[in-house]
Amino acid sequence: AQKVTQAQTEISVVEKEDVTLDCVYETRDTTYYLFWYKQPPSGELVFLIRRNSFDEQNEISGRYSWNFQKSTSSFNFTITASQVVDSAVYFCALRGGGANSKLTFGKGITLSVRP
Amino acid sequence: DTGVSQDPRHKITKRGQNVTFRCDPISEHNRLYWYRQTLGQGPEFLTYFQNEAQLEKSRLLSDRFSAERPKGSFSTLEIQRTEQGDSAMYLCASNGLAGEREQFFGPGTRLTVL
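Those protein sequence lines, which keep their order, are chains G and D. Numbered per this note's numbering, the first sequence spans residues 1 to 115. Numbered per this note's numbering, the second sequence spans residues 1 to 114.
So here's chain G without its partners, still in its complex pose:
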């Protein structure tokens, strides 16, 4: 069975602060895929990044960076110099490597960035 745990429920920061959102996952699959999605107040889930289990390279995209560590089953997301527009609910999700394509989501982290 797949499981995603986002232990943080709500985080509040002041604009320009750095913030890290934690994600821990469980799977028995040797091949799997991890994702982060953003859900702004409008409600639509926006895809941010995918990481394959066989690629442990960290990734940076502008103010966003992701740290994937198989040894600790974690896939953490850092926003550098946060902005008010980053305020949203962030979900980590897991997909197994077999024919089953479904995503298993964590409960999400509500990030509030205050001006």
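Think of the hints as simulated: they come from the structure by calculation, not from any bench. The beta carbon of each residue, even a glycine, is placed where N, CA and C say it ideally should be. Just so you know, nobody snuck in bad clues.
Covered by chain D, per the in silico footprint, the following chain G stretches (three or more residues, Cβ under 8 Å):
#	region
1	39-51
2	91-101
3	104-115
Here's a subset of chain D near chain G, in silico, CB distances under 10 Å, partners left out:
#	residue
4	Arg31
5	Pro43
6	Glu44
7	Phe45
8	Gln50
9	Leu55
10	Glu56
11	Ser58
12	Ala93
13	Asn95
14	Phe105
15	Gly106
Model the placement of chain D on the given structure of chain G, informed by the hints.
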């Protein structure tokens, strides 16, 4: 590039009524997914189509729920004899291009059962 669309965006119904939602995936995508999201939770998988074939159904999908994708394009999700516990956001997603594992979500249909 047109994204995933869903209709209606909001639906209010009385307990016991039937409701139907529609999802139009991104046109080149052959896989279509339905999820349900309740307040304060992440989306939960309901069912999945590859072209017109329904390949998996979650245990969450009781016999009051039925989904179709008759021509492998749009899909409908019907809930019969709605209950208050069915109140949720119903999300549709699609993917299917070569090597694509991420799913692209529509805006959702928010169902309120009174």
